[in-house]
Structures are given as structure tokens and as C-alpha cells.
Amino acid sequence: MAYRVVVVGGGAAGMQTAIELKSRGIEPIIVERDIELGGKARGWYKLFPTFTHAREVIGPLAQQVKDMHIRCFYGQEVTQIAPDGVTLRSEERIPADAVVVATGFTLFDAHRKQEYGYGLYDNVITSVDLERMMIGGRVTLADGSEPKRIAILHCVGSRDEKVGQKHCSKVCCITGVKQAIELKEMYPTADVFNFYMDIRMFGPGYEELYREAQERYNVHFVRGRISEAAETINKRIQIKAEDTLTGRPLRMTVDMLVLLVGMSANYDNVKLAASAGLALAPNGYFKARDAFLGVVRSEREGIFFAGTATAPKSLADTLAEASLTASAVDAYLKEKFNIE
Amino acid sequence: MSRRASWQEYQKDIAADRYYYARSCIRQNFFPGSEWAFLDILSNRLGIDIYDDPLHTSCTGIGYHSDVVPLETIMTVVARQFSLMAEAGYENFVSSCITSFGIYNEVLATWEEFPETEERTRRYLREATGRELVKPRSIAHTSDIIFYQREAIARKAKHRLINRHTGEPLRVVEHIGCHYAKIFPKSGIGGSEFPYVLAGMIEAWGGDVVDYPERRHCCGFGFRNYLVQANRGSSIANSHKKLESMAPYKPDFIVANCPGCAMFLDKWQYTIAEMDGMAYGADGKGIPVLTYEEMAGLVLGYDPWQLGMQFHQVDVEPLLDKLGVEYDPGAKYLGADGKYIGKPADAAINCPSQRPIYERRK
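Just so you know, the protein sequences line up as chains V and R, in that order.
Numbering follows my numbering, with no gaps: position 233 of the first sequence is 236.
Numbering follows my numbering, with no gaps: position 351 of the second sequence is 703.
The following block holds chain V by itself, in its conformation from the complex (with noise of 0.2 Å):
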């Protein structure tokens, strides 16, 4: 008889996390809250530092969810968690062995920093717009013309305690500077500027592509966080920062304003948490049981973490961290059930 493991959420620490477990003769079965598999890289275009299409890595895991025939509940929203199964908002229960969290994150809310005016002035996007734009194949200002000169603003609800978001999400310096990147690809000639606090280029490959972004592309990085935008009467934008490597304020006027919006950790944290016993970080993610020894391990036996729910990752990341989750509840259920 297979051991059963319900995997709550079906994005890409899910789908590796359950296709890892069925290959090791176990039975998951992913509860995903969406109508579909992939979670938030399924609105992204292309993946740093390789620039490989995201469904290029989301299509093949969710091709080998449906070939190795990994019981899937779509629309389900999971209520409770407990060692020996899920609750489901439907209030159906599903029992198993063992349950791996893998609930990912939420994208911080741009509205909240009113100061930049998301939702109030058309060309002031969100890097999630823009990956969506891409995938559209067309990047243009509200009225359809083309950007000529374009301002990314990293740590937009990343590394602020004004919002409550004291954590660093990751991934958004590397993603400013593919975003820049994929711009000047698209507009050659026009003038793409990153606002940053610091540039943290920590995985492989990503200090070369932020050097390429700067002698190649001709990039521009200003070290300086934008206090605030306004829209002009010809619906360009108008930013204020202090270029502090300089020491000076800084006015410019903009197309288009890209925020890149950090990862939160997500609201029902909370009451899930709360139902099974487990406890949160500071900053709202699950925690884990150990920094070192035990990251996809919660503080109660029987459930597990993968991916994003315990920290921002970068999908690279989060994969990786998906197959040790999987060995992690293997290694649990042998020792559980006394198997050899």
C-alpha cells in the first residue's frame, strides 16, 4: 500500500515535491487553490539569469504531474492542516500520512505605497504587469506608444518598514535587472534606468548579467530609493529620489514606471498556522524547525515545507528544495511506519 501525502498547493514546489514523492512509490495528492497547476510563474515570461521561457519549466513539470496520473483537487481551498491530512473549505476532509505545505507567496500589494500612484496613473505598472505585457509580446505606454525612457524601482514592499515588510524578497534585484535587460532588447534606443537600495546579486550567473546589463546594454543604476511619482499633464511621470552615491536629489520625467514588487507572505499564513499548531516568523512566513538542519521540516511532525512558504526563493530555489522536501517525508514515513 502507498503511503498517502497531501501537497497543499500546486505551483512549482508542489508539482516537483509530489513528482519527487510519486517516484519514490509514494501517493501525493495536490490541493491547489487556482484552477490550474503552476502558481505565480505562469504569469512570468522569461526566468533569470538564462532567460529561459517559464513555461518552458512550468509546462514539463505540469506535463509529468498528468503523465505520472498525480491525484489533483482544483479550486480547493485547504482550511486546516494537520499531520493526518487536510480540511478543505468544502469542509471535506482528505486524510494522509504526511502534509507538505507548499503554499508559496503572496505578491506585495503595489497600492499600498501610495506614494508612487499604482492604480492612479496609467504608466506606473508592476513587474508582474510588465512579465505579462512581455508575454503579450508588446510592452507599450497606456495610449499604445512605444517607452523611450523607462525607470524600475527595486524593493517596492521589499526591505520597508513603513509597510510592514522589514524581509528582503530575493529575487526582485536579478529580476530589475532582466527586466532592463528584456526592455532595452524590445527598445534599443531607449534610456532604462534602475533605482535601487542595493544591488544583491547572489545566485549564479547574476553579478555577470548585471555587469552585461551595464557594458552591454548600457543600463543606468542609481543607488536611491523614489520618494514619490505624480503624473505630468502628458501622462509621463515624474519621479524624486536622491541619488546618494552622489548625495543630490534627483527630478526626472519618465514613460513608464516599473515597480518590482516584493514577495509577502501570504494573509491565510495565519489561520493555517494556527490550525495545525505551527509556528510563523516575524515577517508572516511559516517557520521552519532549523536554519541549517531542518528548513523544509515544521515544528510538528508529519508536516513539511516546500518552496516559498517559509521565505522568498528564486524557482531555481525552490525546486531544488522541493526534491529534499520529498526526501525529507520519505525518510519520515519509513522511520513512521518501520519500513526498510
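FYI, nobody ran anything at the bench for these hints, they're computed from the structure.
Among the hints, a few may not be true.
To be verified - Here are the computed distance ranges between Cβ atoms for each label pair: (1) V/Ile-236 - R/Gln-581: 28 to 38 Å; (2) R/Asn-381 - V/Glu-118: 31 to 41 Å; (3) R/Ala-368 - V/Asp-146: 40 to 50 Å.
It should be emphasised that the depicted structure is a prediction, and the values quoted were computed from it without experimental measurement.
Beta carbons: idealized from backbone N, C-alpha and C, even for Gly.
Keeping the supplied structure of chain V fixed, place chain R upon it in accordance with the hints.
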């Protein structure tokens, strides 16, 4: 309107009646008609109880922000104002001044965060005046009250903010004093980024709100920017930046809810015109600057000279003509006793020979 609706996320409770009124030092000198109009509108037009207490004093906010009044002193002065309110039988404190409004909120927040400062203030007040501190139930700025009553005023309106020559809504620049909500965003209607307090009045009375790039920028008063003579270049530079930014939108007038802002946006236009012949109004003259009481007063049909609009540096007659307000041009320079007090020489800002800024740019 749909977009502006998102500006209303910050709301606050405003008492409906029985206000204790605290006046403004600047306004009593530069806009005496505005404070009179506020009291008259509330008492005689809307039937609201508001008490104008002769015993209250300056909040000393300008001295505090200029580093000549210590924190302990201003806290004790504020405590005395609150005590006077309680002694008069009121609990809803209404401030006419934005600086004072910021001070009252700051002092209350400080007492909340650091209870020992409240205890100390209670002791100082007792020792100095024999009074006991009673904190207000609500704090509002007078513009909050007019905002709250904007629909009632609209129902009694004699004029709407419509250009009677074109039938189009007047384009109005609203300027919010920095200390209204930039210190405590939740203290202001609409918060600090997109305040709605004046915009709500303008919309209720038929006008269009101008959103221009330097809308949030300070008028330049900034206390020491102006009070220290050597810093006045900074003060005028701030007003200049705002006027340059709003001019392309061809506003019909500016309305402000801060005594300093109304004063500086008006008077620096005079200075700029005298210095380099620049005017920012579409007619080659200055842009009239109104207080919200003046705006409400005109809507309700008050006489502009009764409102004290002859005190303005930029002439308001072109605006009165657009609104269809009837007025006696000859009465502009009559004193309170009805005698002619003399007419000042024409200032460059009021001469139509000035070329509008946006035409020069072309």
C-alpha cells in the same frame, strides 16, 4: 471620480456638533475674514454650536518649530487649551491652523507614547494655572468640518464652481498644509499622499481638481525657511517650483487649508512677478489663492469684501467674474467704518501685461 475614490482610504471620525474653536495666529492677521466666515457659516447657516473662547491663546507652534519654545512649554500651553475647552463644557476640539492641528496631534501622540510626559505636563499645568488637564474626545481641523458639511453647503449654494462664461467646471489646485497629514497620515481625510479634504469640497461644489506633478510639494513656508531672512530664497524657490508645475493646467484658482500656504502661495506670486515679470495665471496675471472658508463663503453667496478677499496680493476679481459673484468694486478699499482708506499702487502680478508662463514656454 472613480480614481479619486481610492484617495478616501483614510477616513476619520468627525464630531457632528458642539465644537470648541481654537484660532490661528497667522489667519487672524492675514485672513481675518476667513475665521469670521467659518464661525458665521457654522453658527448662522448650518445651526451648529461652536464656541469661540476669548481665553485661549496661541498654541506657540511657530515658536516651537523655530526652536524658541521648548517642548515642555508647548505641551503645557496645549494642556491649558484643552482644559479651557472642558471648562467651557465642550469636548470636540477644532483648530483653525494647520500648524496647531499638527501640534495638538503631536502632543497627544507624545503623551500616549511617553506617559511620563503627560504626567509632567499635568503637574506643570496645575502649578502654573491651577487647572486640570482634560483631553478632548475628538480633534479636527476646521477644513475637516467644512469637508464634513460640504453637502449641506452644496444644498445652500448660491454659486457653484462653474465658469459662467463657458459652463465648464473651474480648475482648482488644492494645496494641503504639510502638518495636516504628513506627520500623522491617519489624522487627515485621504491620508498624506492623496488628501481628499479639499478635493472633496471642490468636487461637491462643482469644480475640477487639478492633479499636477508638484501637488505634494511644500509651499516653502517651512518656518525657518522664511523666519530666518537668509533662508527666504529657499522658501520662494519652493513656491516657484509649485507654480511652474501647476501653470500648464491653467488653474482658475488655488485653495489651501493652511494659513502659511495660503499666504505664501499668494504673496510669493507678487514677489516673483516683481523680480522677473513672471505670472502663472492663464490671463497673464497671478492665480488667485483662497482659503477654504473663502471658497465656501463664495459658494454660499457671501460678499467677497466681507470675507476679507481684498487682503489678497493677487486680485480675486477675475475669479469673481467667472463665478458670477456680484460685488461692488468701489467697496474694496472701504474701511470698517465705510470710509475710503486708499488704494495701493498696482502690482505687476495684477497687470495683464504679464505673459503667461505656458505661452512663453511655447
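Hints, verified against the model:
| no. | hint | in the structure |
| --- | --- | --- |
| 1 | V/Ile-236 - R/Gln-581: 28 to 38 Å | holds (35 Å) |
| 2 | R/Asn-381 - V/Glu-118: 31 to 41 Å | holds (34 Å) |
| 3 | R/Ala-368 - V/Asp-146: 40 to 50 Å | holds (46 Å) |
Violated hints: none; the structure is consistent with every hint.
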